[in-house]
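**Q** So you can see what is in the structure, the chains are spelled out below.
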Amino acid sequence: MVETRDPSQIRVVVGMSGGVDSSVAAYLLKKQGYDVIGIFMKNWDDTDEFGVCTATEDYDDVIKVCNQIGIPYYAVNFEKQYWDKVFTYFLEEYKAGRTPNPDVMCNKEIKFKAFLEHAMKLGADYLATGHYARVEERDGEVAMLRGVDNNKDQTYFLNQLSQDQLKHVMFPIGDIAKPEVRKIAEEAGLATAKKKDSTGICFIGERNFKEFLSQYLPAQPGKMETFDGRVMGTHDGLMYYTIGQRHGLGIGGDGDPWFVVGKDLERNVLYVEQGFHHDALYSTSLSAVKMSFTTKKAKPSKFSCTAKFRYRQEDTPVEVELFEDGTAHITFEKPVRAITPGQAVVLYDGEECLGGGTIDEVFKNSEKLTYVG
Amino acid sequence: METIYLDHAATSPMHPEVIEAMTKAFGQTFGNPSSIHTAGRQARKVLDDARTILARAIGAKDSEIIITSGGTEADNTAIFGVTNTLKSNGKHIITTQIEHHAVLFACEKLEKQGFEVTYLPVDQSGRISIEDFKNALREDTILVTIMYGNNEVGTTQPIAEIGQILKDHQAIFHTDAVQAFGLEKLNVDELQVDLLSVSSHKLNGPKGIGFLYQRTGTPLSATFLGGSQEKKRRAGTENVPAAVGFAKAVEITQKEMDTKRSQYEQFRNVFLKILDNEKIDYKVNGNIKHSLPHVLNISFTGMEVESFLVNLDMSGVYASSGSACTAGSIDPSHVLVAMFGNNREELRNSIRFSFGLGLTEEMIKEAAMRTAKIVQRLAN
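The listed protein sequences derive, respectively, from chains A and B.
Residue numbers for the first sequence follow this note's numbering, beginning at 1 and rising by one.
Residue numbers for the second sequence follow this note's numbering, beginning at 1 and rising by one.
Don't read these hints as lab results, they were simulated from the structure.
Careful, some of the hints might be misleading.
[Said to hold, decoys possible] For the chain B half of the interface with chain A, some residues (derived, Cβ under 8 angstroms), not all of them:
id, residue
1, Ile19
2, Glu306
3, Ser307
4, Asn311
5, Leu378
[What the hints assert, rightly or not] Under the rule of at most 30 angstroms between Cα atoms (straight-line distance), these lysine-lysine pairs were calculated in the BS3-like manner:
id, chain 1, residue 1, chain 2, residue 2
6, B, Lys283, A, Lys80
7, A, Lys113, B, Lys373
8, B, Lys373, A, Lys30
9, A, Lys196, A, Lys113
10, A, Lys121, B, Lys87
11, A, Lys183, A, Lys30
12, B, Lys373, A, Lys167
13, A, Lys290, A, Lys80
Yeah, the Cβ is synthetic: ideal placement off N, Cα and C, and Gly gets one too.
Go ahead and model the full structure; you've got the sequences and the hints to work with.
**A** Right under this line is the structure:
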């Protein structure tokens, strides 16, 4: 896949969100001479009672930026696919008492699948996005590397991408640091140069998470208990809490702050204990399902590498044992705090993101921690 | 690559003679038609002449033409103007499921205000039935608003028949003729309509102007209040150069209507013949007998409108799907839903091609070939 063609002969569809990152991605590709097309993807309808929808405002920004850059723009709708593949999974996971990661699923099923297929139908050679990640030719395959801005690296969310997806992908801003991206946007006078970064899960946006979730899942309030059975208060519904969470518990009193350390789905009890470093929050290994790798290169059944268990976490050295059914057992070099079922475990070899899976069960010294799911 | 514009039902290029007439008016006729001095009188003369041309085109009197900012304003004025005046006579309105949103959304707003609206269904060809209409008509019906020709699929409605039925009924009869005017011979007395909406930019005139025909004596309250322009029915200083361009465009279309009609029918046949030759699996949406000549809506088996339209654009063929896709929202076309029902493939694979000024048979052939190639590439 080493390109020999002139950039003008290479058609690149850029997934544009109306944010500064994808704007700069499109701008840089156009500057390099590619045949660039900007496409806005609409996955969620959040039209409010006044008919206002953030997608409309974002698309207006895409239009402005594309006109500034001088590239054609279009929109495509994946609301149905998003609902079926991402949102349904999101709700199912919450129902099962886990903390899902819809961004990982969105990248796997929508952005780099449905959208990639759409781009290919438009005659595209590549799909580009404004993710902070890099792709590089290594041993005849495309390796996915961390973005150079360590603070912004998004490979955690891209861990489920396969070689077949990655060979059609470009990440134009992966080798640039975020402040530099803003600077490029400002110097080019792009309409989105000063636009605030979006935060949180895309379909919830700035809204209240509890309120949002309660529209879809019935909340069942219950007791908050310590492991030794002291009732510390009531919770609003287990799905609203995640392992290691401190805020929103409303437990006063003396001493260290309180943290969520586990859930008992059957009894509808939320376990809470005192202290950030409470022993119950620490584990030594996990089992993962749906393991997926970025390259097709055969993996040994046991190997050492580093791992992240949540976004923006420092890497932890781990031992990985792979099983034929696509599951894995991953043992940490030292205990790790607040491993959360449903979140992604992502493996790295130095700069390269090897792939990852979904955290299923959590163990402490070979004993399953039943209270975390 | 030659680009081929086949979206004349969305909007159309201005005729060179229109541009010429307007350029002249921009330069020479700046006066306010309401002013009492010579400059004002000159502008008034130009505006009156333009109004006469508009009126004659539909067999109306000059005083029956209210110049508006376009088709949407004409529709809104008709609907709100009548219902506001006649609400004490009844609360019932009849329209169809396939109206333009300028009519539909106005009716929906009235529903929220306590009016009762009947949305007549259509058959698979997009036509209402007179029986349905008769059944819907009530003593307290105050307004009937039914479009002349549909903008998405081209189907025309039995306006004269409805006009005849309403002859001795209190209901005011409005027709949205925005898509039809210029290609259909419209005479307000033959049709027996009380109100009729027209837009200029669909027939090679400038954007931002249209008119509402108001039969003398038809009750109508004004939406815009202010000066006494348009006999106090629509306040606001008149856009004289636009009126000049509009009138010029109307003059041309009235002269060339028959030629254009047969030309567009030929375009339609040529386009479909090429699809046949290329063995494209398609179906025409609309009514063969009752149709505007310039609208050709085709459902392509196995295609998806989103990638299809982008591919057409990239190959230089400009067409559209039934309803505009804004910010990636694809509400299935309400017209196609009314014709076929929900969850039908026609909602996802229909493209509207519409003909107009500047097209040749060669261009139509080329556009059809490009379309066929895309279908062959994408349909699986």
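**Q** Decide if the proposed pair is consistent with the structure: B:Lys373 and A:Lys30, CA atoms, cutoff 30 angstroms inclusive.
**A** At roughly 28 angstroms apart (the allowed maximum being 30 angstroms), A:Lys30 and B:Lys373 satisfy the hint.
**Q** Hey, A:Lys121 versus B:Lys87, does the alpha-carbon distance stay inside 30 angstroms?
**A** Violated, at about 54 angstroms.
**Q** Taking 30 angstroms as the top limit, are the C-alpha atoms of A:Lys196 and A:Lys113 close enough?
**A** 27 angstroms, holds
**Q** Does the alpha-carbon distance linking A:Lys290 and A:Lys80 stay inside the 30 angstroms limit?
**A** Judged against 30 angstroms, a Cα distance of about 24 angstroms means the pair holds.
**Q** Next pair to validate is A:Lys113 with B:Lys373; report whether the Cα-Cα distance is within 30 angstroms.
**A** Measuring from Cα to Cα gives roughly 25 angstroms; hence the hint holds.
**Q** For the hint on B:Glu306, just tell me whether its beta-carbon gets within less than 8 angstroms of chain A.
**A** Hint on B:Glu306: holds, closest Cβ of chain A at ~5 angstroms, below 8 angstroms.
**Q** Does B:Asn311 hold up as a contact with chain A if the rule is Cβ-Cβ below 8 angstroms?
**A** Because about 6 angstroms separates B:Asn311 from the closest Cβ in chain A, which is inside the 8 angstroms limit, the hint holds.
**Q** Is it true that the CA of A:Lys183 sits at most 30 angstroms from the CA of A:Lys30?
**A** At roughly 17 angstroms apart (the allowed maximum being 30 angstroms), A:Lys30 and A:Lys183 satisfy the hint.
**Q** Mind checking the CB of B:Ser307 against every CB in chain A and telling me if the closest is under 8 angstroms?
**A** 4 angstroms, holds
**Q** Holds or violated: is the Cβ of B:Ile19 closer than 8 angstroms to a Cβ in chain A?
**A** Cβ of B:Ile19 sits 25 angstroms from chain A, so the hint is violated.
**Q** Does A:Lys80 sit within 30 angstroms of B:Lys283, going by the straight-line distance between their CA atoms?
**A** Holds, because 26 angstroms separates the two Cα atoms, which is no more than 30 angstroms.
**Q** Assess, step by step, whether the Cα of B:Lys373 is no farther than 30 angstroms from the Cα of A:Lys167, and give holds or violated.
**A** Holds. B:Lys373 to A:Lys167 sits at ~27 angstroms (cutoff 30 angstroms).
In the structure shown, a violation is registered for the earlier hints numbered 1 and 10, in ascending order.
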